[in-house]
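2 protein chains.
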Amino acid sequence: METLAADLPERLGHTETTASKARLRLWLRLLKAQKQIEGQVREFLRQSHDTTLPRFDVLAALYRTRDGMMMGALSGELKVSNGNVTGIVDRLVADDLVERVPVEGDRRAMKVRLTPEGRTTFETQAEAHEALIDRLLGGLGVDEADALSTALLGIAETAEQSIETHSATSRTQE
Amino acid sequence: METLAADLPERLGHTETTASKARLRLWLRLLKAQKQIEGQVREFLRQSHDTTLPRFDVLAALYRTRDGMMMGALSGELKVSNGNVTGIVDRLVADDLVERVPVEGDRRAMKVRLTPEGRTTFETQAEAHEALIDRLLGGLGVDEADALSTALLGIAETAEQSIETHSATSRTQE
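Protein sequence lines correspond, in order, to chains S and W. Quick note: the first sequence uses our numbering, first residue 144, plus one each step. Quick note: the second sequence uses our numbering, first residue 144, plus one each step.
Isolated chain S, as found in the complex (with noise of 0.2 Å):
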């Protein structure tokens, strides 16, 4: 999509075009920079750790829960459906990393966490995983590096803030 915002006729006929068009630049340079780099992820979890980002996520997100996660609560912090999630999970358990346990006080519900084996397995490749993305961003400077995650915050941020007045807004015209 990169060469769209040069391409696309310029229909727009007010003067904002300018700015529009360079926010445009902005998002699909933002997806060209997270594309290039995601993809030498999967590239680097697949050759160097015989793994996935689906599975090296999962361990993430069980990593920081120490007691464990339900399901339901995993496939909502990773975005992705349940049935995913269900896959990805019975694998890591075949593969000794992942562990389903009982949930206290509700006989039926089942937890998963990390087995001891899925801690050294998910922080070795979290530094390697860190390594890399030292290398990959390694022409930036520490302070450098700072501002563009602050900007990047802001964007994240003021993009989730306009959608919610969007919506009230359309609400409230309904």
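Just so you know, the hints here were simulated from the structure itself, not pulled from any lab data. Because the structure is a prediction, the values reported are computed rather than measured.
Copies of one chain are not kept apart here, so a pair can be met inside one copy or by any two copies together.
Straight-line distance between alpha carbons at most 20 Å, and here's what the computed SDA-like set of lysine to any residue pairs gives:
#, residue 1, residue 2
1, K164, F199
2, K178, K222
3, K178, T194
4, K178, D200
5, K164, S292
6, K178, F199
7, K164, E273
8, K175, E220
9, K164, T267
10, K178, A274
11, K164, Y206
12, K254, I231
13, K175, V223
14, K175, L296
15, K222, R207
16, K178, Q190
17, K254, G215
18, K222, P197
Use these hints to put chain W onto chain S, whose structure you have.
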């Protein structure tokens, strides 16, 4: 993955830890901003244009090549499998937005290209998409958006080069 950087045990044991964490945080923020905006784009395309992001991306790619594209080139550009693109194109053909045309000089080959209705439909969707991005990134002035665009292009290019250099080094050592 937002809290990964903070939660990971400090085992790197070298003075580059701060820079490494800053770069990891930058990647996680970039990912967060991208997911946030892409989620809004998907929802907007579904609700307001009864379409999907993969369909929009196929129309965008074909919009840029008036003479049409071979299926292989199309799936290469979109970086998705030929099978997936075929399904999407089949539905776009059924909707009269895309047509299959013979390739001059090769009786067995077919290209796909937008119909006139496909061009009009995409222009409408692309304008609305640009207006959505403009709203989502509305907190940024032109100068700020341009500066971020430049930084992100640098990131994408550095990431690409890092890996190429790394692969070349690995091959030399084999």
